[in-house]
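Residues per chain, in single letters:
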Amino acid sequence: MAAAKKVFGAAEASDLVNELRRSFDDGVTRGYDWRITQLKKLLVICDNHEHDIVEALRHDLGKPELESSVFEVALLRNSCKLALKQLKNWMAPDKAKTSLTTFPASAEIVSEPLGVVLVISAWNYPFLLSIDPVIGAISAGNAVVLKPSELAPASSALLAKLLEQYLDPSAVRVIEGNVNETTLLLDQKWDKIFYTGSSKIGRVIMTAAAKHLTPVVLELGGKSPVVVDSNTDLKVTVRRIIAGKWGCNNGQACVSPDYILTTKEFAPKLIDAMKHELETFYGKKPMDSKDMSRIVNSNHFDRLSKLLEEKDVSDKIVYGGDKDRENLKIAPTILLDVPLDSLIMSEEIFGPLLPIITLNNLEESFDVIHSRPKPLAAYLFTHNQKLKERFAMTVSAGGIVVNDIAVHLALHTLPFGGVGESGMGAYHGKFSFDAFSHKKAVLYRSLFGDAPVRYPPYSRGKLRLLKALVDSNIFNIFKVLLGLS
Amino acid sequence: MEAMKETVEESLREMRDTFASGRTRSLKWRKRQITAIYEMVKDNEDKLCSVLFQDLGKHSTEAFRDELGHVLRSATVAINCLDKWAVPKQSNLPLLFFPAKGKVISEPYGTVLVLSSWNFPISLSLDPLIGAIAAGNTVLLKSSELSPNASAFLAKTIPAYLDNKAIKVIEGGPDVATILLQHQWDKIFFTGSPKIGRIIMAAAAQHLTPVTLELGGKCPTIVDYPTISKNIKSVVKRITGGKWGSCSGQACISVDYVLIEKSFASSLIDMLKPTIRSFFGENPKESGCLSRIVSKQHVQRLSRLLNDPRVRASIVYGGSIDEENLYVEPTILLDPPLDSEIMNEEIFGPILPIITVRDIQDSIGIIKSKAKPLAIYAFTNDENLKTRILSETSSGSVTFNDVMIQYMCDALPFGGVGESGIGRYHGKYSFDCFSHEKAIMEGSLAMDLEARYPPWNSFKLSFIRLAFSEAYFKLLLLMLGLKRSK
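Same order as they appear, the protein sequences are chains X and G.
When we follow the UniProt record's numbering, the leftmost residue of the first sequence carries the number 1, and every step to the right adds one.
When we follow the UniProt record's numbering, the leftmost residue of the second sequence carries the number 1, and every step to the right adds one.
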């Protein structure tokens, strides 16, 4: 029996923030023990409620059990465990080196929580993208409000229920709702806002944050290109692309391979291999396969349909193209050489459509990528060492993966974030802790040993000494002090 | 304005082309540019001191200490450390991903905008410039119109020393800034007030441009008299130097107000007065060692702060104003009301309120009731008080037993939090400030795991679960058929 939905208006939003701020000011979230307790509870949620999570994801997205277990629960479990193991290290101050000008002194950098933070997550990986930032916020000692996406309603409700059940309500809360609730939340003053979603809404978030000088992390998206060199292991390449595209929420992921760039010469081989492997993975009737998520809702289904129906695009389909609006399914679809200015090549696809653009030589792929907004990820498949180096150095993207797809998401030792249109800031592992911390510089000076050179009235001698100190050349200083200069 | 718009667009085009050419990626190029900045300052020391004197009445020693020396040091550090900073950071990857490799490369954002402030017009222009260049960006600098001589110097001299297809200077006020902000930049670095900081960030949001905002606030100075009374002379000198000796209080990290226990306030004031006189003579206006106020508008602003009758009644030293000569006398207030304007906005001038508390511990409550400042200073030897200050207050930085000096420590990040700013710089932090940390991962095509691919079955699910939890032994058992798949 669902409880009557509480009204969430401007007053409630304001009360919410005030309440959490009081908890934060009272020191509830600062201590190591509190943070560990919350993190342990999050781990318990992963352990005891995996089945519920899998079910909610099946309801919202038709996500296969393996994807839910691995790409949401297992990743979260690892994230919790890492934080639990490393928190003491992360919380410890860093010693800094001081110079002759500030001698005698010692300095350190202390990590302190920002205060009360807002996490707004997306619908495609509703658990991962909600809880992973929350892990960061809590490890760093903040109070946090989570606003999950209403486009994944069962997941949103489950998140609200589980977090309320397990975590400390005086400092961690979930607000469900749609754009109305989000707008009310954005009117409040937060100490940090962490947003995962589209570039369009990212601008709205940052504009709202600017009113309060609130720092933001924006995990956005883009068209992540895949450059495929003929000098590669074709079978492995194709399998990884397929698994990375259709095997990750059916292309509805921020780091999904959006389009492929390859040579005219190699394209036919590539397409044949893809068709073959697609059939191995999903069978002769991929619409019946249970191993792919469905399209999230009819809005996105219609959006994707429109991409396919555009003139000069619809006749470029070389594989797939079947659609079933009632069941929100679109078959894995490959297109060959759609116009570069078509809709499908202008916006982030976020679905099971894969355009392949052919070039006279692979060299041209750099220009194609460079002429577009910076994506969240850029991929390259090749054995060619020089090409790998050039790609890594010159292609600007949030992250670069060579010879694989998406897997850098799982690596807690690499910062995960965008650049330009694909976002700002980063997280995962310690980067999450840092994202939600203020690194406060602390300088300890002694009251002894004062340099009169610091104070007026100013004289030439003082100026000389200052110049020597600034150069920090010890011999100059002695020269000046001994009147030898 | 149309002409200005075209100039901006032309400049942007040229800088973008230069960036695309790859010239700024070369470490040699970057070092050459930074060396040129060093030489520009060294070659023009006298001229620089002269423009700073014209704009702000700065004594050459102050100019060197606070601006020129700082830039020289900053340039030297960058030149010496750039090779180290630019090295990719290797990452350890979990065994599961063997033999994959991971690293993080610092790459330039592209074409960046630096908007500097009038109070330290040379260092607040050149220091961020050094950071932007070190990171490999092309840069447009807009210096403040309120320090016109410094601004003119930079506009004329930078093109003579630096690669002017990559590094450009534009002069002007808010109208020029507005035009600049309408365009897309890859990063914006701003030094100034929180009010303008909001405008900058909102403009940046339209293009999803990351920002670093070095703003300000009311930097409190706690004086825990009993625990430092043995060194009170040092304390007083440092406060006096920190308040009036650096641009006459017009600095973002200036001592804004002092907090002290009631019973010691008069002792402190009795020591401040002669110290001010020893630094600036009987007539500070004539001393040549006290900067003047930057403009009539700011003199009027400070005048207004003092015009509140309750504030005026609290003046215990100084208080005279000569608007014509842009002079405000070093002034001390004793307990102006906490709700007065002077206690609620950043003073940015040579007026020092001394706020008394019953118990020095109460200062923490007062500090917390205000916006997070750029710096908190505390003169104390009480370890408990130090711990409380560190854990209960929040600020860009905390300095114990001194003031201002954290600015010179390039191992410490310099930046604010909350109202006092976003982001940080100095030393390697400058390099990082203007870099995108790009993660690179390289997998191996040789080792492929069937379990990665559909069609899914319970074996593959168990495999991946175990792999993710790095339960390698159980994984081995599973593969050898000695463990059942769930």
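These are computed hints drawn from the structure, not numbers from a lab.
Misleading hints may appear alongside valid ones.
Stated by the list, open to error - Taking lysine-lysine pairs in the DSSO-like style, the calculated list, with each CA pair at most 30 Å apart, reads:
1. G:K89 with G:K103
2. G:K101 with X:K386
3. X:K88 with G:K368
4. X:K85 with G:K103
5. X:K235 with G:K474
6. X:K388 with G:K101
Claimed, not checked - Have a look at the derived ranges for each label pair, beta carbon to beta carbon:
7. G:E6 with X:S346: 43 to 51 Å
8. G:A20 with X:V7: 48 to 56 Å
9. G:E6 with X:T280: 41 to 49 Å
10. X:N299 with G:E6: 19 to 27 Å
11. X:S346 with G:L338: 52 to 60 Å
12. X:D15 with G:N283: 54 to 62 Å
Stated by the list, open to error - Part of the chain G face toward chain X, derived, beta carbon under 8 Å:
13. V104
14. S193
15. P337
16. L338
17. I405
All values reported here derive from a predicted model rather than from experimental measurement.
Glycine included, every Cβ here is placed at the ideal spot set by N, Cα and C.
### Task
Grab the minimum C-beta distance from S193 (chain G) to chain X and call the hint holds if it beats 8 Å, violated otherwise.
11 Å, violated
### Agreement of hint L338 (chain G) with chain X interface, Cβ distance less than 8 Å
19 Å, violated
### Task
Given the range 48 to 56 Å, decide if the beta-carbon distance of A20 (chain G) to V7 (chain X) lies inside it.
Hint holds: Cβ distance 54 Å, inside 48 to 56 Å.
### Message
Is 41 to 49 Å respected by the C-beta to C-beta distance linking E6 (chain G) and T280 (chain X)?
### Response
59 Å, violated
### Consistency of beta-carbon spacing, N283 (chain G) to D15 (chain X), with hint 54 to 62 Å
Check passed, 57 Å falls within 54 to 62 Å.
### Message
Tell me if the straight-line CA distance from K89 (chain G) to K103 (chain G) falls inside 30 Å.
### Response
5 Å, holds
### Query
Within 43 to 51 Å or not, the Cβ separation of E6 (chain G) and S346 (chain X)?
29 Å, violated
#### Entry: Restraint check, 8 Å cut-off on beta carbons, for P337 (chain G) near chain X
At 24 Å from the nearest chain X Cβ, P337 (chain G) fails the 8 Å test, so the hint is violated.
### Hint consistency between K88 (chain X) and K368 (chain G) [alpha-carbon to alpha-carbon, up to 30 Å]
27 Å, holds
### Task
Compare the distance between the alpha carbons of K85 (chain X) and K103 (chain G) with 30 Å, and conclude whether the hinted pair is satisfied.
23 Å, holds
### Query
Taking the beta carbons of N299 (chain X) and E6 (chain G), is their distance inside 19 to 27 Å?
Between N299 (chain X) and E6 (chain G), where Cβ atoms are some 43 Å apart, the hint is violated.
### Message
Can you confirm whether the C-alpha distance between K388 (chain X) and K101 (chain G) stays at or below 30 Å?
### Response
Holds. K388 (chain X) to K101 (chain G) sits at ~13 Å (cutoff 30 Å).
In summary, the structure is inconsistent with hints 7, 9, 10, 14, 15, 16 from the numbered list given earlier, while agreeing with the others.
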